[in-house]
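Let the hints inform the model, and build the full structure from the sequences given.
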Amino acid sequence: MSRNQEGEAPLISGGSRRQVSLFDLRVRDEFANDEAKGSAPVSRAANYVTPGTIVTKEMGFMRGHGTFVNPSDQSLVASVVGAVERVNRLVTVRGIGGVYYGEVGDVVVGRITKVMQKRWKVDINGRLDGILLLSSINLPTGELRRRSAEDELGMREVLKEGDVISAEIQSVYNDGSLALHTRSVKYGKLGPGTLVKVPSSIIKRRKNHIHNLPCGVSVILGNNGYVWISPLPNGRMPGTNLEEEDADGKNTVLEEIRITKADRMAVARLKNCIAALSKSWLPIYDTSLMYAYEASTKYECGELLRPDVMQEIGELVRQQMALEGAGS
Amino acid sequence: MDESDRSNIGMKRANLDLNDEVGNLVMPGDEFSIPKDSSKVILGPGLRSVIDKRSNELKTIIACKAGLLRKAKPNTFFLEMKTRSYHSFKKDDVLGIIKQKSKGEHYSIDVACRELRAQLSKNAFEGATKRYRPDLQVGDCIYGKVMDFPKDYPLELTCVQPSGKACGLGSLNGGHIFHVPVHFVRALRTASPKDNLLQKIGRIVPCETAVGANGLVWVKASNAVLTILVAQLLQTLSKANPDEYGTYLNKFNSTVRTVV
Amino acid sequence: MAYRTHLDDLWEQQIRPDGRTPHELRNITCQMGIFHPQASGSASFNIGNTKVMAAVYGPHEVRSSQKKHHNPDKMIINCEYSSATFSSNERKSSTKADRKSMEISSNLRSVMEHIIIPDIFPGSQIDVYVELLQDDGGSYSACINAATLALVDAGIPIRDYAVAITATMSHSVCMVDINAQERGQCAELTIGVLAQSNEIIVLELANLLQNFYLKDVLDEGIKGCAAIYKILEEAVRQKFNKMEQSLV
Amino acid sequence: MKPKTIANCTRSLVKGGAKNGIRLGARGIHEFRTAKISFGNSVGSCEAVLLPGTRVFAQASAAIGEPSDSRPGEGAFTISVWVSPAATGEMVGSSEKPSAIARTLERMFKENRAVDLESLCIKFGELAWILRVDVHVIEMNGCLQDTAALAVLGALLTFQRPQAEIDVNTDELVVLPLAECTPVELHLFHLPAVMSFALCDEILLAEPCQEEEDILPGKLLVGINDSKELCHLHLTHPIEQELLLEATKLAQAQCLDRLNMLKGLVEEVKTQREVPIYKRPQGPRATGTVLSLSALETSSRNRSEKKPSIKYLSPLITASDINMLEELCIL
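Protein chains in written order, with my numbering: chain A, 1 to 328; chain B, 1 to 260; chain C, 1 to 248; chain D, 1 to 331.
Heads up, none of these hints are tricks.
In silico BS3-like pairs for lysine-lysine, Cα to Cα no more than 27 Å straight-line:
no.	chain 1	residue 1	chain 2	residue 2
1	B	Lys239	D	Lys2
2	B	Lys91	B	Lys65
3	C	Lys230	A	Lys279
4	B	Lys71	B	Lys90
5	A	Lys197	A	Lys207
6	C	Lys92	D	Lys123
7	A	Lys118	B	Lys103
8	B	Lys239	D	Lys4
9	D	Lys97	D	Lys15
Hints in this document: simulated from the structure, not taken from any laboratory.
Structure below.
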């Protein structure tokens, strides 16, 4: 019928299913050992799957995140793009980007969306809003007591819609929503600063997520992908509840903090650095931030918004990390 | 328009005698006089008593629907009418579908009646305790008894008889549930054993049935094909004239033969 | 007397008005993460001069007005299609509320509901926004491809890729990927399939097509879909290679 | 009143029955519903019923107005759909249902050019007939598109409009009352019909009832015309190719049957109508009305710079209507 039925058009058959053998996979512990090296192990690309790829046809594996069971032949199929990982019988696909599920102990940054009965709803970039119970915050006065009806009435004075807080995940409810708490001086309402949104998967899990960087800026790297950057006032712990330190008058305290132009520039520069890292999909943690900050110093703060500069910084950080990986 | 004209057009009838009119057609608005012999009269569906507001005395009895006036033995009068909508009475057996499963103590039930909400306590089953009680899902069918119908509140259903036994009440599995006019259901339920339709059908196709006063009927035969055929027959019969029942049953009989 | 035109000559040699052979696709480019990091996932899909952008937000807490009637065990998928006022030859004043856009929105939603694993995020909402920038034929199929790519970019678990292409039969030759010029002269059947199972999930017909030809046109379209799938896969793989580093 | 909640037992019965080749209402799986079509007293009204229990009424009407700027040489055609709250027991209003029906009808009748719109042009760029079909869903038990398409087709086939033309000498619009001229019928290029199917795991159920539509998630619409051309396809669920081809085959056969039935009924109606061939009396026109375009133009230009637009909605135009209209326009 036609001259060029095959050949010219890029036609391939659609139903060809790739299959990944589970026995090529390394167990998660081995990946943990690689962490120090910083660079990706070569075999990860071999475990690459896309939605619809059959992970295994064998029975007896447990379905983890990023996989589903095909009802027709009971095979385990990937549902997100990523690398297959296996812990004993549990098979998961670690997706890139993706949804933030949350684990107990995660540090998160969030924004209050609703004040409800005895609880706040907090947008933490998850699939459901986080829940902060009135009983899981420290009262502004610092007392330890049962929450009274007056406390309930005055909830909006403590945290109101739009306030940004840092918190820790206390527990996960049955329906998958996350319970938060701020019962530590590290957490609570955040003062002046700026919020940057990055994919949650590029925040590297570390022991500490709250850092005072030498450039005079403190950052809270929320596991949920929200990063809070604030100027570091003299001697003040970053992210502390500003009202708490001076119990006599919180409003005056907020105004007392003098933010100099240099502070602002440092915050802005770090914000642009984080944007550059996120654009190049580099992991975000204290070291990578410092690398990026150093690399950026040869540019004006505003120049960092240029795509080519962003790419260059990403490249420099990548090299630095590779060097460090080789050194250790 | 003067008084005489109106009476001609409206044909309003007043001062009728309840006993005289038994078996006759009564229209809404017809007024009946209070029986002189001060014996107790019980009014059923379609009849209401009107009380004079000033003297607080019984004035008349008025028909509020169209239907045939019937009398039951001890001075009970009611109207027999064709209707598709259900009016609840205590101890009625009704069929329902679970509409919602709330976290509280009740299932809310769809009883196929717009005006009526109904609920069923999760404990109102045979042998149910706080710990052990049947776990029903949304969409399951239940056969229950009306325990109470408080004004402005949902009907209260129960799936146990006062004796504590289920005696047929409870959730129904499999089969098919469908709606027929309420008067057809009434005919099914009140028919004498001789001309009971369900028994006649049962002789052709053995099947389980449950008939709710609210117009829902549940049928379960040995397989899907027979269930659908029985359901279809009942739906056809509900629209048919009682004289034609025989021909429909014969037709049904021959269809079933071809299937089995 | 009918006289032969230049196009008829071309047809004899099986060359289409824009110089393609019948089974040739137009130039395709796609890019993921165009709204990064504002949206959870985003993608653009260009096929010839047809340009579509898609963005996915969520899953997040249900925020729309549907909340009242919403069953907490279910997930809401919300799709909104709009075409830019300058996307086609006739400039349109408002494009969001007209019947055509509403139809495409609701069709897109039904496709998305089938590829996203059902009720994996109970009580949450996923928003898919698709914007047609330029329409040169095959816009609905481009929307489906862009939306699929954006879902993959967002990391939302999906069963399979939904890929779509247009196909037709003209002068008793099956053709794939119809452009706006050809659309005026023949039927345009939009065919979408699930890439792995080859099940048809989208069918949309403009103009008249002989029922007799349907099988051939479907076969042609399914082949075209396979080609599109390969291109989408390539885009996804490139993105993965770029992001590999951050996987820890 | 039927219960709104679908019982689980009915759900499994529908699926189990389909496997055994039987459906609710004791229908076979590929058995289409019986169609009943009747026509109203006024021209262009048609009521289609798909037993059991789906009833749609359609009324075609025409008015004279301005053609659109993009298509100056054609008349216009609009379809509007109303779902009566009495049909559903709840307010449907502007929800998705009416607009989905309207889109299907638009695709089949308008975008596929079933109606010859060029013949509706009266004066290029200035005056044309604006055809309008109002579709009312009166009873609802599934298969709304099928029934609505049948009703619209019936309405279009039986519609008649009066003659309207521009007098060459005076540049005046002349509308001849129906009683005075041979009424003009619409010219249809092809006759489309649509069949719907429900999909139940590899089984096609032809023309499902409401319960089946609610229970089974998949729906397939196949529109076919009298020359076996597909004119509409719509799918909401994944389907195997073979099944799709089977569906179009079934639809084609049924479609031709149904169209033949409709054509027969339309013929009957037309013969019953006994349209007298109008013979023009000698001498000057008695009741015909002449509207002077130029006069209209000047009068309207003085006020709002608008082109003249003359509209009336009743297809049965009478002289008194025209007189009234004339007054309205010139005032």
